[in-house]
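With the sequences and hints as input, model every part of the structure.
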Amino acid sequence: NAGVTQTPKFRILKIGQSMTLQCTQDMNHNYMYWYRQDPGMGLKLIYYSVGAGITDKGEVPNGYNVSRSTTEDFPLRLELAAPSQTSVYFCASSQIGQGRNTIYFGEGSWLTVV
Amino acid sequence: AQSVTQLDSQVPVFEEAPVELRCNYSSSVSVYLFWYVQYPNQGLQLLLKYLSGSTLVKGINGFEAEFNKSQTSFHLRKPSVHISDTAEYFCAVSRDDKIIFGKGTRLHILP
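Residue numbers (this note's numbering), protein chains in the order written: chain A, 50 to 163; chain B, 1107 to 1217.
Hints may be right or wrong, so weigh each one.
[Claimed, not checked] Straight-line distance between alpha carbons at most 30 angstroms, and here's what the computed DSSO-like set of lysine-lysine pairs gives: (1) A/Lys106 <-> B/Lys1164; (2) A/Lys58 <-> B/Lys1204; (3) B/Lys1209 <-> A/Lys63; (4) B/Lys1209 <-> A/Lys93; (5) A/Lys93 <-> B/Lys1184; (6) A/Lys58 <-> B/Lys1209; (7) B/Lys1155 <-> A/Lys106.
Note that these hints are calculated values from the structure, not bench results.
Structure, rendered in structure tokens:
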């Protein structure tokens, strides 16, 4: 039962470097999401996608980019990493929309920018 | 606009004691309500959800929540907690395709 798989689990970046967080799901879900979680702040939506080829901004999209070329994959790209992007990142997916259906989360990626 | 307020950032409770984690929401329309649990160093997983029907919802691991429309609340309860319930709990409200998470309540189980 793979579910939502994201890599890497841990990464340290230097300021100004770029990287991609990979996310794949094997449940054939049409919706996928990227969240960041900071201590005491809950979850903030970065980007989401309602299907292959379609992406949209969430609450905190600045400094990030996404693509959705297939149903399964939804990578998150950080360009020019900044200390403010130090956070835990979660990829998630759901069957239709968040309104009624359960969201399935990956196990998280811990990113530190130094 | 919808919003979710979790009134306690941390709740300490002795093992085998009951616990209630509070959640209030604001919305001018009907919404769906969720509780998610996050165990240390893991992602969130669904604990229970209210979509319609009975206002008392039972979830996994002995948790339950009651939807109270007049008080716009969806408090989470468990009659007897175990050390394995140590986690962070998130209330969430959803309408259409948007979901809003609360800031979380960290449950500390004291021996």
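So, going through the hints one by one against the coordinates:
{"no.": "1", "hint": "A/Lys106 <-> B/Lys1164", "in the structure": "34 angstroms, violated"}
{"no.": "2", "hint": "A/Lys58 <-> B/Lys1204", "in the structure": "27 angstroms, holds"}
{"no.": "3", "hint": "B/Lys1209 <-> A/Lys63", "in the structure": "29 angstroms, holds"}
{"no.": "4", "hint": "B/Lys1209 <-> A/Lys93", "in the structure": "10 angstroms, holds"}
{"no.": "5", "hint": "A/Lys93 <-> B/Lys1184", "in the structure": "28 angstroms, holds"}
{"no.": "6", "hint": "A/Lys58 <-> B/Lys1209", "in the structure": "23 angstroms, holds"}
{"no.": "7", "hint": "B/Lys1155 <-> A/Lys106", "in the structure": "26 angstroms, holds"}
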